[in-house]
Amino acid sequence: MKKFFALFLSFSLLFSLLPLFGEGEVVELKVYNWEDYISIDDGSGESVDLIKKFEQHCKEKFGLNVKIKYSTFGTLENMYNELQLTKTKAEDGSYTYAYDLVCPSDYMLQKMIIEGMVEKYDYTIEEGKLGHVNGYYDNASKFIVDLFKKFGWQDYATVYMWGTMGYVYNPAVFEKLPGYKKGDEAHWDFIWKEYAKNLGTIKDSIRDTYALALGYVYRDELTELAKSYKSGSLTKDQYADKLVTLFNRADEESVKKVEEALSVLKENIYGFEVDSGKKDMATGKIAINFAWSGDAVYTLDTADEDENGAELYYAVPEEGSNIWFDGWVMPKGANVPLAQEFINFLSQPENAKANMDYIGYTSAIGGEEMFENCVENYGTYIMVECEAPKEGEAEKAEEKPAEGEEKAEAEEEEEEAKPFLDKESGKYYCDKYVGELSEEELNKFKNADGTYNFLYPDYDKDDNVTGMHKEENITLYKNDLNYFFANKTTAAAEEKKDFTVITDVIGRQCSAQYPTEDIVSRCAIMKYFDDTEMRRLNDMWDEVKVSSSGMSMVIPVIIVVLTCLVFAIVAIMKRR
Amino acid sequence: MNGLKFSRKQLGIPYAVFLIAFVVVPLLFVSFGLAIITTIVSLFIAYPVAYILSKTKFNKGGVLLILFILPLWINFVLRTAAMKELLYFVGMYKSNSFSFINTLIGMVYDYLPFVIMPLYSVLVKIDKSYAEASADLGAKPVTTFLSVTLPLSMPGIVSAISMVLLPTTTSYVISDTLGNGNVTIVGKIIETQFLTMDNWHAGSTIALVLLVIIFLSMFLSGKFTEAEDESAGRANLW
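Listed in order, the protein sequences are those of chains A and B. For the first sequence, position 277 (counting from the first letter as 1) is numbered 307 according to our numbering, and the numbering increases by one without interruption. For the second sequence, position 230 (counting from the first letter as 1) is numbered 232 according to our numbering, and the numbering increases by one without interruption.
Bound-form chain A, shown alone (with noise of 0.2 angstroms):
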């Protein structure tokens, strides 16, 4: 026996030499994140692995073996329980974390930075070296930097993704409510109503509900607040810190009132959710939820995918609501370098966009590349007449002069800009950006109304236009995006631009990825909680959550059942 232990032992021992074999030293990244939180390659071919591609990156780039060690966390407690239990003490009494990048949200990433668990970033690494975060600096959204640098926090994080909260709906079954006015859905006590018993759900996690409920109970202070914004008589700072100590209320009063407001909300909901919400929006089980807005596109999108989903929009509350983020922190003795050059790989608009594509949450990063994106995703092409394709045009493209990756894209672009050839008329159609037509072009599909007549293209799966179809009286709106996309860099490279979405849809995809100024300015930040304040939150959550509905039906039984237990152990007692 002892001979087989020693030869196993012997064995465990070789494989650890391993690596040794290896080419050369290997770099480990320990990245924490969210669940379904990067792209990866999920086998569709379209999907970028982007951890691959990092790694690839830092071999050619700087001729370093890293491996990264990507695990994921499915709430945020949990995360931070994890770091505390895997931490080690070193000899001058300060801790090391076991993971070098951790991908809090707002609350939790205050608390890290109270608590003193994060290493300060970087700025000092040159340009050209590993771990030059300036690639952040320079994409990112300047509204984005500008935000986090009020509140002190630039030091320690970056954004990864941010967004709203809101009320994803379900319009088609309210319009035949009675009682419901178009524009409801845009208030915190739309699921309060009571037309909308048993159609809505709400988060099973104390502080997003609490947010909601706390904006439901504040309400009538929330509309002043904004009409005195509008009236001029509060400055935009002003406003802005009214809201966020409006929304990070924690007194007895509040709890108390927001206590009472769910305690009415539990009986008027189809229950609290998880995760299933998304899911049971999109299958038409409910009609609002209650949601980030990042799972507010995702929910569109399943529903829009799905033959008999419906056709569901996302609100945010106008009288203000809650602006989240999740951001990269790097724990006390983390590989700044190697992290930091991490944040700056994910920071570069390709990758930021391949991300925002594969997991729909919206990306910090800012800037034209990605303005582009957006115009691609949610702007509305429409189909335009052009000129038939000139024969032989394809031999002419090859003659140009042109070098190997520039050819092979022109020629792409050849084959997208392929004339669409209607039958039924004979004529050739292009699908174009109603943005890129001119003021006289956009005039013939006018309306006397100022509504518009467009043809639109159908696509199949690989964009090309199989066809169209004609719709009538469309709007036209406006989504001026210039606070988020207009930063630094482009501003100073070229003339200014104007960052401005035509789209005939508001509500959906776009206005939840990508809000507007105006809603944006009525969202406050969440700030982190003391363990009073907190513990104050969870007794009412406790109490909230326990007042459950089954508790007159089950005190009967209990009863029956403690009697029949009484007499039939004095019974067995009596026949000993």
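Hints are computed from structural coordinates only; laboratory data are not their basis. Nothing false has been slipped in among the hints.
Residues on chain B that point at chain A, a partial pick, calculated with CB under 10 angstroms:
1) F20
2) L29
3) F31
4) V32
5) I42
6) Y90
7) K96
8) N98
9) F102
10) D178
11) Q195
12) L222
13) K225
Result set (DMTMM-like, lysine to aspartate or glutamate): computed pairs, CA atoms no more than 20 angstroms apart in a straight line:
14) B/K96 with A/E224
15) A/K172 with A/E547
16) B/K96 with A/E297
17) A/K462 with A/E402
18) A/K286 with A/E251
19) A/K462 with A/D488
20) A/K476 with A/E501
21) A/K315 with B/E87
22) A/K309 with B/E87
23) A/K272 with A/E251
24) A/K309 with A/D334
25) A/K287 with A/D238
Just so you know, even glycine gets a beta-carbon here, dropped at the ideal spot from N, CA and C.
The hints should help you fit chain B onto chain A, whose structure is shown.
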């Protein structure tokens, strides 16, 4: 519950007392009520099933029995999710006051095999000659069942109860999925205290209370099996 709205400050009581009085006790009422109803309903369904299965006439080669055990090989989370779709189809989600009933249906469905198995293994071992003797002495089939078969199968019933009562008290996945989060049982609160509220002390306190109750019920079920006729033998779980 809604009538009792004191804040902890007003009462001036320690946190643990507050937790037990206002959170744990009401929760235990709901959880145990749910568990007891589940157990009773499953026993009423499972006993006839086990009785029929124990007759070799119906259950040739144990095929029928396997059919009852088969669903256990699928993960119960999946079974619960499927049950939700089924209940939705039937129209059990028209109002959130059905949440409790839905949870109950799910619990009975998920734990039925655990009741059938111990009952079956006891019933199958009962000597046929007891029933024949009872009939010879002039007892009607009902009397035979009540005074011969039922007492002999008591160990099976007790072990079935102990297999269902305590797990259902805490199996919050079912109440979460089928009750849409409207039914909160004690397991769920322990989970939230640990995972989302980051309050391990409160979670442990509630878990401790539960542990005491488990010991108590172990003691009680031990008493029951002792009191029963030892000759029938203790029911093996499987």
